[in-house]
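Could you slot chains B, C and D with the ligands onto chain A? The hints should help.
For the protein sequence lines, the chains are A, B, C and D, in the order given. Those letters in the first sequence? Residues 480 to 845, per the working numbering, in order. Those letters in the second sequence? Residues 480 to 845, per the working numbering, in order. Those letters in the third sequence? Residues 793 to 1117, per the working numbering, in order. Those letters in the fourth sequence? Residues 793 to 1117, per the working numbering, in order.
Any given hint could turn out to be false.
As the list claims (entries may be wrong) - Far from chain D, some chain B residues (derived; all Cβ distances over 12 Å):
1. GLU492
2. HIS744
3. ASP749
Said to hold, decoys possible - So the derived list for chain B, only partly shown, Cβ under 10 Å to chain D, looks like this:
4. TYR574
5. GLY600
6. THR687
7. PRO690
8. PHE785
9. SER788
10. GLN795
11. THR798
12. PHE816
13. PRO824
14. THR826
Don't read these hints as lab results, they were simulated from the structure. Here a beta-carbon is modelled for each residue, glycine too, at the ideal position from N, C-alpha and C.
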Amino acid sequence: MRGVVDPASISTEMIQMLAPDGSFVGDGDFEIDLKEEDLRQIYRHMVLARRADQEGTNLQRQGELGVYTPLLGQEAAQVGSAYALSERDWIFPSYRELAVAMYRGIDPSSVMHLFRGTVHGGDWDAREHRFAYYSVPIATQMLHAVGFARAAQIEKSNIVAITYFGDGATSEGDFHEACNYGGVWKVPVVFFCQNNQYAISVPLSKQTAAPTISAKALGYGMPGYRVDGNDVLAVYAVARETIRRAREGGGPSLIEAVTFRRGPHSTADDPTRYRTKEELAAWEAKDPIARFQTYCKNEGVLDDDFIKSCDDEGAQIATNIRASIVGAGPRPAIDLFNNVYEEMPETLRREYKQYEEEQSAREGDE
Amino acid sequence: MRGVVDPASISTEMIQMLAPDGSFVGDGDFEIDLKEEDLRQIYRHMVLARRADQEGTNLQRQGELGVYTPLLGQEAAQVGSAYALSERDWIFPSYRELAVAMYRGIDPSSVMHLFRGTVHGGDWDAREHRFAYYSVPIATQMLHAVGFARAAQIEKSNIVAITYFGDGATSEGDFHEACNYGGVWKVPVVFFCQNNQYAISVPLSKQTAAPTISAKALGYGMPGYRVDGNDVLAVYAVARETIRRAREGGGPSLIEAVTFRRGPHSTADDPTRYRTKEELAAWEAKDPIARFQTYCKNEGVLDDDFIKSCDDEGAQIATNIRASIVGAGPRPAIDLFNNVYEEMPETLRREYKQYEEEQSAREGDE
Amino acid sequence: MASITLAQGLNEGLRYAMTQDPKVVCLGEDVGKLGGVFRITDKLQTEFGEDRVFDSPLAESGIVGTSIGMAIYGLRPVAEMQFDGFTYPAFEQIVSHAAKYRMRSLGRVSLPLVIRIPYGGGIGAVEHHSESLEAYFTHTAGLKVVTPSTPSDAFSMIVQAINDPDPVVFLEPKRRYWVREDVELPVTDGMPFGRAAVRREGNEVTLISWGPCMRTCEEAAEEAASDGVSVELIDVRSLVPLDIDTILASVKKTGRAVVVHEAQITGGYGGEIAARIMEDDFLSLHAPVLRVAGYDMPYPPAKLEDIFLPDIDRVLDAVDKVLNY
Amino acid sequence: MASITLAQGLNEGLRYAMTQDPKVVCLGEDVGKLGGVFRITDKLQTEFGEDRVFDSPLAESGIVGTSIGMAIYGLRPVAEMQFDGFTYPAFEQIVSHAAKYRMRSLGRVSLPLVIRIPYGGGIGAVEHHSESLEAYFTHTAGLKVVTPSTPSDAFSMIVQAINDPDPVVFLEPKRRYWVREDVELPVTDGMPFGRAAVRREGNEVTLISWGPCMRTCEEAAEEAASDGVSVELIDVRSLVPLDIDTILASVKKTGRAVVVHEAQITGGYGGEIAARIMEDDFLSLHAPVLRVAGYDMPYPPAKLEDIFLPDIDRVLDAVDKVLNY
Ligand SMILES: Cc1ncc(C[n+]2csc(CCOP(=O)(O)OP(=O)(O)O)c2C)c(N)n1
Ligand SMILES: Cc1ncc(C[n+]2csc(CCOP(=O)(O)OP(=O)(O)O)c2C)c(N)n1
Ligand SMILES: [Mg+2]
Ligand SMILES: [Mg+2]
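The following block holds chain A by itself, in its conformation from the complex:
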């Protein structure tokens, strides 16, 4: 019909290269340029992330973390996309991107410290790792990514920004403003949605009536990609294309990686209240690591030694996290007072003095 757009006309097909059973199906529109060593590294990063993530849940169950937000099931979406970035590119995460953080060389304990409550944004140097601080207010980090990319564009720096967010995040005004700004300014940014089917208890069908999340890209004048988020090859291929286009001045893209959050929303959540065992089982059958392992084995890229070395490395990482977290006390209070402004204003200085006096008084009392 002239002048009318109809959501029913949007296809819900996904880009996929590996079937859930690990067989290679390929996608004629995308090439894979990965060497054997790349495949092994991708496998390794997924395995390490899964192990570190498990340790987060363990530590929370043991009372060492206040809360933890597991990524179980989303390893391919995270590692596949991160692997397509160049070192100088920047990452603006939400609060579930442990695999991406680790890929960028961030010690997973620095992430866990956030959940323990010793720090807020995360205990890493954002500039060193080009990985911004975790962002809990949903979708807010997307605007930071766009502003960062606008700055990169102004400074002609060749840097791309990628931002991670969930399916629920697509409902927030900030998602919209970020995509719209990105489109108008045509900045080098990739919007990477991990559609893990739920926002806490709310399923996607109650989050949006859009035929797909990727279709939202049309409203911002950018291409939208819907990819099997449990297929690390497909995710990588799509991310690589969008990052390259962004770097070449072609503007932003929106990627919807279709995946599933197999754990609870956070350790405080009880998913049995809102989803079925069957649903979970169906997604377990699509496990991103098992699938990729099968593929790599079939391709002769992975042997048992390497698999074991990854598992061992994972165990070591878990041990390290545990060593860093268990019993870790608070940081010194002065850090709080020092980090409100570059220079402590008079009023705060007085408050600090008062705090110190009270502390000494207490110690005197004891």
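Positioned in the frame of chain A, the structure of chains B, C and D with the ligands alone reads:
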């Protein structure tokens, strides 16, 4: 390409029935069910609105209004859509919908009083006219319309809500949240965008990279219509279809009425800073009233007597507005104190007492 | 008589109000099937159906904005913000519309709307989950701002908030969700808004607080008593409208006052109360009204929240100071 | 030496800062070709190009949110909110990120970001164009909040704000945009943030105000003088950090203080200043610190704004009251 959506694939065609020269071109997808008397009433409402609008500008130039936001050029978009509503339907306007207000029987002076600064939202009874108060914070009213429609749905009342907003409004987070809520809840609401090409000085090309505003509908799972907003028949036809569908439980729609704001953004604005004479002239040639007048005359629906009677009625309305506005003083201060809460709290009561004492003291001084 | 928690008081209050009035609806993120992350709407969707209790998409401006539309229609929406720190996206709808609609309609349309916000710290949460945001709303004319500190007040105040013709920001002190009280439900003799509660009588110092800090103040008052200092403890409950009379009557008696709240001290509501006491009864004051409050910094990480939150020692310190001024 | 308006002072200050530092960029609605609705960015786009001065889409959370991203990159963005009342959509980005980023990064990343807001009433505007929103920001730790009242301060303070390592909410009193002063540009000896200006010396009453109300206070002080009352007038300028020392020094001398602001009285920044004075120097006070401020109602329609805004009579009334307490 499998799994990829491309904005370049979106057509920018418009639904149109009347060419700018007034000749009937029609659109096979839409029927017109208007009787001759309807055509005359539509013409009349457009003429009256234009005259009242002109009076707004005049009064502002004479210092009687603080500011005024003219609708010149947007008469067809407003009257065409309003004419498709039933009496019980509700309207959630922005601040430029004088034609819609008048169509709903609101005395245009009640609107002008807002611009004079004697009242805030407008001096009418929203429940009587089913026309909510003017809303200046961009896009905020869209959420009210959606909430209202959700209530209508809960109460099974058969009422539809329509909300008006501009092209600039589509950038706000509230636009997005409203469309998304509307889609998910599948409520009886019509989102009516008057794309008048500018948001103050910012042209559409700097507002969004979307191929059309109507394409944004896809991201919310609703149909989007792009219609010639200066063609009152086409606007009416599209509005009628979307309102009917909403009433029947088919959910929301987004309409983009392509038009032009021929006056300044407001009387405080200087459009010569950002747009050309040629651009303005091109749109004057597409005038919605002249076009419709030609069509109606050709159809034998309008004669000179009726045209004159409309002009006379317009002149009378202008006189009435002037009589109501010129020199009108403030409303009594007690109205302010009374309208913060249903019952004046103690603190405010004291403030009022203090205010009164000061007033008497002043009067004593004089 | 049953022993219920403050959270249950709210849940029962919602149930009661929804039973009484079919126009009451509840919405927000996860309020339906899940019953809210704090389970305040637990089982309400099952009992009242999806048209009375429903999930919203993840967008707070949307929650408040659509609630305003529902209220214009004639419903009485009860909107939940999932946490204090996630109220900010709704700020424009709250400040520019909810608070102003009555004024902008010349009193023709009022918005009987409740915005429920679990608020404050002390539960070891991650960032943005511990904000004490009352001052943003107490400064916004057109809103009522209330906060219960006991299970029975929780019940009666949520019912009252729902019945109120004006928009009410209903702050739920989350670290008190699990305190218990023996309550006979329904509580129908709850005090009207604008009435503080004197939780403990005394005649040497007036201690003024609300919601989250009431426990600390009770303990401080007790400890003071054991040191022979007689503290009168006021639970403000209704921040706006403020029951200044109860406060002034107490200060007239004691001549000394300390206000305690979690929010950052600068610009906090404690300053307002202190200024009001001074303006209204300067001559009764034997000492300055002091404030014990959060420091002027973002709410700290959980492991450090104890240094930020007013504790018994800090409260007693201030009590000492005004006594020995 | 040229006679310039406060608006020109800002425009020249922006030009100066942009010339000095290529990292400074300006963005906001209509700031480019149009030069902003108040022309504060007039001609800057022509002079510095579209990569230094650019329009944003119509979305305030977007303006602040992307500015934060630019600041993380290393630019120094100056973001314009078109009017006070349209800052609210950006509230979350301001409160949850701009104010907290330094803390959440453990001091590793600071955000040198200026949020310019034309603010306050008195210009006969329609609704939402006259909001005095300083209290929302003064209560938000991590932000600096400043407001100039003279053309020379406008110049030096905007330059300072841009050079400041922390996020600054820069409130431009729009009814003073057109006041004139003879100024030698550039003003390089502007006082640092956190320093109030004593605009008039006196020894009987301290009058404290800032930005929008300074004119009213100057006139009131003058009128008081002609009645033989000696008023000391303080222009706070920097609300956060607050120059409490200058205020206390004055009150020590006068023993009396009146704070004047446009914002609604309840929860306004006047309460903070009053409470601070009382806490810090109770014994010097001969009378309560009084506040003259807007009533507790939404800002009224233009034709009634005069009754809302503090005027000379109300200020003098308060001065009388503290004098004759
Ligand atoms: C502005 C805001 N509102 C609400 C929340 C509370 N909350 C935390 S996570 C979450 C769900 C997010 O879902 P989604 O975006 O799909 O990401 P996922 O957790 O599934 O990775 C909600 C509602 C928040 N963090 N921020
Ligand atoms: C939230 C908000 N931001 C900014 C403004 C200032 N403003 C008033 S109208 C306008 C442009 C609106 O453009 P558009 O939506 O296209 O509607 P039009 O005026 O063209 O009818 C702007 C920026 C506002 N009213 N509200
Ligand atoms: Mg999700
Ligand atoms: Mg427009």
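Results for each hint:
With a least beta-carbon separation of about 25 Å from chain D, GLU492 of chain B lies farther than 12 Å from that chain, consistent with its non-interface assignment. The claim that HIS744 of chain B is not at the interface with chain D is violated, since a C-beta of that chain comes within 12 Å of its own (minimum 9 Å). Its beta-carbon lying about 8 Å from the closest one in chain D, ASP749 of chain B breaks the requirement of being farther than 12 Å from that chain. Restraint check, TYR574 of chain B versus chain D: the minimum CB separation of about 8 Å is within 10 Å; hint holds.
Among the interface hints, the one on GLY600 of chain B holds; its C-beta lies about 8 Å from the nearest C-beta in chain D, closer than the 10 Å criterion. Given the 10 Å rule on beta carbons, the hint for THR687 of chain B holds: about 7 Å separates it from the nearest Cβ of chain D. Because the smallest distance between the Cβ of PRO690 of chain B and any Cβ of chain D comes to about 16 Å, over 10 Å, the interface hint for this residue is violated. Taking 10 Å as the C-beta cut-off, the interface hint given for PHE785 of chain B is violated, the closest approach to chain D being about 36 Å.
At its closest, the beta carbon of SER788 of chain B sits 34 Å from a beta carbon of chain D; the interface hint therefore is violated under the 10 Å criterion. A cut of 10 Å between beta carbons decides the hint on GLN795 of chain B: the least distance to chain D is about 26 Å, and the hint is violated. Because the beta carbon of THR798 of chain B sits about 22 Å from the nearest beta carbon in chain D, more than 10 Å, this interface hint is broken. Evaluation of the PHE816 of chain B hint against chain D yields a held restraint, the C-beta minimum of about 7 Å falling below 10 Å.
A least Cβ separation of about 8 Å between PRO824 of chain B and chain D falls short of the 10 Å threshold, and the interface hint therefore holds. Because the closest C-beta pair between THR826 of chain B and chain D is about 6 Å apart, less than 10 Å, the hint holds.
When each numbered hint is compared with the structure, violations occur for hints 2, 3, 7, 8, 9, 10, 11.
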